[in-house]
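Visitor: Starting from the structure of chain A, add chain C where the hints point.
In case you want the letters, here they are:
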Amino acid sequence: MRTTKLVAVATAALTCVALAACSSGSGDEAADGDGPITLDYWAWGTSQPGLVEAWNAANPDVQVRHTDAGGGTDSSAKLLTATRADEAPDVAVVEYNTLPAMIVGDVAADITEQVDEETKGAFTDAVWGLTTFNDAIYGIPQDVGPMALVYNEARLAELGVAVPTTWAEFADAAAAVRAADPDTYLATFAPGEFGFFSGMAQQAGAEWWSVDGETWTVGIDDEPSRAVADYWQDLVDRDLVKVESLLTPEWNAQLNAGNILSWPSALWAPGVIYGVAPDMAGQWALAKLPQWEAGDDRVAFQGGSAVVVTTSSEHPAEAARFAAWINSSEEGAAIQIETGQYPASLTGQELATQSEPPVLMPQQTDFWTLAAEIAGSTLPDISWGPNVNVASSAFQDAMQAAADSGTPFRDALATTQETVVEDMTTTGFDVQE
Amino acid sequence: MTTTTPRAAHGSAATAAPAGAPRRRRRPTLAPYVLSAPAVLLYVAFLAVPIAYAVYLSFRGLRLTGGGAFGRRREVWVGADNYVAALTDPELGAGLLRLLVYGAIAVPLTLGLALLFALLLDMRGARLVRFSRTAIFLPYAVPGVIATLLWGFMYLPSTSPFSWVTRRLADVTIPFLDVPLLYPSLANIAIWGGVGFNMIILYTSLRGIPDEISESARLDGASEWQIALRIKVPLVGPALVLTGLFALIGTLQVYGEPATLKPMTSAISWTFVPLMKIYRDAFLRDDLPLAAASSVVLALGTLVVSIALLRLGQRRVFGEQS
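If you read the sequences in order, they're chains A and C.
For what it's worth, my numbering labels the leading residue of the first sequence as 1, then goes sequentially.
For what it's worth, my numbering labels the leading residue of the second sequence as 1, then goes sequentially.
Chain A extracted, bound-state conformation (with noise of 0.2 angstroms):
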């Protein structure tokens, strides 16, 4: 009985440790032999399948197994998930304000040793900023969304409404175009917007989430976001801003029938719009986002993300190769440009240069130009924290009730700073409000 019980029991472990070790991924009985190594990549987006066969035809010892999880949001959660169930793929994209979640969640790898000084220099010190968190880096840049102006210039030109360059000109630009057609706003606030919402505020010189050694502070209730508050609210209080989601059905109908003649977003605005409104091309341009102060020529970032090694990567010195490879070379940058991603590498947004502009807008043959010139003045030290994804949801629910029930929208900064703070205090975060 008893050696029969033992032999059991032996199988039993031996069964358990062979299933562990075919389930932790792919390729690794390959690893310790001379054939290839198969890495696993999550990555949405349209450049993705082109950046991986480049890389797999250029390196037949390591090959890139590209899966797409989702989304932004979708992705991150699977990606947390997956590390917890040791199923984690060895290199995924991250967005650039869920990057802490991905640190303290474990995904995210320190990469510091494996970014060498060539891949260092080709991005401008802003976009690493972006991924180097207490002196260590955790990702390389893939794109960047420098925030920017896209308006409808055939119809402000028609209405005699100049481009504004500062938010006060903003003001009375929305002013002048409701009384020159009162079908007509100049723009639309979404107060669901968390995006939009942070990048004016670091432009105004908030710090929503900053580290002082192993403290935390956070300000998304600071002056000069409520000031950012007060400036939207004042547009919405006197009905020169439609206030409305983006990109419903509505939204698309009031921007097709060219009611809503511009949108403060980023670069990429100009592929969204074409999406929605396809035949609107040539009568859309870019102009630079308006400034609080004239003069001033600064902006913060509006998506954009990197792409990282995760700790359950079994090649992470292959990973970073990878990671570098895909965004700072020229071929990578080629294949980002072609399909519509603007280049976080210095390499990348150089050879935009030289492309044609969106199809959206035709006639503006400056665009790359003033993009390069936008993404040049991108604002240095935007660091996130690590519960970004609560403050989003809590920041939506709240300024979408202050919308709706008429109360301040800086009291919705107040709630949801509240509900980011107690967040991570119950998780034991040192913070200091």
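Do not rely on the hints blindly, as some may be mistaken.
[What the hints assert, rightly or not] Looking from chain C toward chain A, a few residues come up when the C-beta cut is under 10 angstroms (computed):
#1 Arg-63
#2 Thr-159
#3 Ser-205
#4 Leu-248
#5 Ile-268
[To be verified] Which chain A residues face chain C? A few, computed with CB under 7 angstroms, are given here:
#6 Gly-105
#7 Asp-106
#8 Phe-133
#9 Val-211
#10 Glu-214
#11 Ala-253
#12 Asn-256
#13 Gln-400
[To be verified] To list a few chain A residues with every Cβ distance to chain C over 12 angstroms, as calculated:
#14 Asp-74
#15 Gly-340
#16 Ser-355
#17 Ala-391
#18 Val-431
Simulated from the structure, these hints should not be mistaken for lab results.
Since the structure is predicted, the reported quantities are computational estimates derived from the model, not experimental observations.
In this text, a Cβ means the ideal position worked out from N, Cα and C, and glycines have one as well.
Guide: What follows is chain C alone, placed relative to chain A:
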């Protein structure tokens, strides 16, 4: 997976034992175990184990370990913290209250219309029965998300045909997706999809009533409406209780309609109904343990309400019969 095997064996032994006990004379056979094993195994693997895991998870929490600004979040034991957080969150109660408003519109109308249509179809001299039955049932065959999108477009100001008409007539747009109209708008989607299904259940139950009963009432001089209200409705009581129970559970589990309409209106928050809040906690806030605790609370609540309704229904329906 290793934990399921002993549980399964234990479970099947427990359920099979009483059945085998009285038949002492026969030799014990394997048959009962073998025959019940698939059901028990499936039950354990796909119901008991996940529920047990959810309950276990509801006492865990992701907390910072290792300290520092970039410490790592790891799963630790947190006792009843999640239950305290779930029960003290005003949004859970607010979500239930919103469900109450929605349910107060959707449930009576769905059941009332289903009963009305079933009685009409069952009435003597009813024409086009088969066609009407299919026509009323058809919306149930439309997937919930599709139905919601379809209605969503009919609600949105610039695509709504109703608002188009009212704009022409009186220059007003109907705010279908703003509070308070949002509740009837949401309920309407459920009613549109649910009436057919409930009607079929009630109609089937009506067809089961022997013709002699209606016949004798008719001979006594009862009108068709009197027969319907005094005889048929009480006799389909059990079916009404059943459909009522389905409707109630369906109401507590509302998720698809508000979640699909969310991008179209700012009146629907992430915590609009309890299940949306659970989804947000699990997949937007990465707080699976809190979501597990809220789910356990919601499931227990549903169970209690269902049992109460069944008790009440049985006493009234079956009490009158005996």
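Visitor: Taking the hints in turn, state whether each one holds.
Guide: Taking the hints in turn, this is what the structure says about them:
1. Because the beta carbon of C/Arg-63 sits about 5 angstroms from the nearest beta carbon in chain A, less than 10 angstroms, this interface hint is met.
2. Taken as an interface hint, C/Thr-159 checks out: its beta carbon lies about 6 angstroms from the nearest beta carbon of chain A, inside 10 angstroms.
3. The beta carbon of C/Ser-205 is not positioned within 10 angstroms of any beta carbon in chain A (closest approach about 42 angstroms), and the interface hint is therefore violated.
4. Below 10 angstroms, beta-carbon pairs count as interface contacts, and C/Leu-248 has none with chain A, the closest being about 27 angstroms; its hint is therefore violated.
5. Taking 10 angstroms as the C-beta contact cut-off toward chain A, the hint placing C/Ile-268 at the interface holds, the least distance being around 9 angstroms.
6. Interface restraint check: A/Gly-105 against chain C, minimum CB-CB distance 6 angstroms, threshold 7 angstroms, status holds.
7. A least Cβ separation of about 5 angstroms between A/Asp-106 and chain C falls short of the 7 angstroms threshold, and the interface hint therefore holds.
8. Interface restraint check: A/Phe-133 against chain C, minimum CB-CB distance 6 angstroms, threshold 7 angstroms, status holds.
9. Against a cut-off of 7 angstroms between C-beta atoms, the interface hint on A/Val-211 holds, since the closest Cβ of chain C lies about 5 angstroms away.
10. For A/Glu-214, the interface hint holds, since its Cβ comes within 7 angstroms of a Cβ in chain C; the closest pair sits about 5 angstroms apart.
11. Interface hint status for A/Ala-253: upheld, as the beta-carbon distance to the closest one in chain C is roughly 4 angstroms, under 7 angstroms.
12. Restraint check, A/Asn-256 versus chain C: the minimum CB separation of about 10 angstroms is more than 7 angstroms; hint violated.
13. At about 4 angstroms, the closest approach between the beta carbon of A/Gln-400 and any beta carbon in chain C falls short of 7 angstroms, and the interface hint on this residue holds.
14. With 12 angstroms as the threshold on Cβ separation, the claim that A/Asp-74 sits away from chain C is violated: the shortest Cβ distance comes to roughly 8 angstroms.
15. Against the 12 angstroms criterion, A/Gly-340 stays outside the reach of chain C, whose nearest CB is about 23 angstroms from its own CB.
16. Separation of A/Ser-355 from chain C is adequate, the least Cβ-Cβ distance of about 33 angstroms exceeding the 12 angstroms criterion.
17. Consistency note on A/Ala-391: stated as away from chain C, yet its beta-carbon is not over 12 angstroms from all of that chain's, at 10 angstroms minimum.
18. Look at A/Val-431: its CB is around 10 angstroms from the nearest CB on chain C, not clear of 12 angstroms, so calling it non-interface is violated.
The structure fails to meet hints 3, 4, 12, 14, 17 and 18 from the earlier list, while all remaining hints are met.
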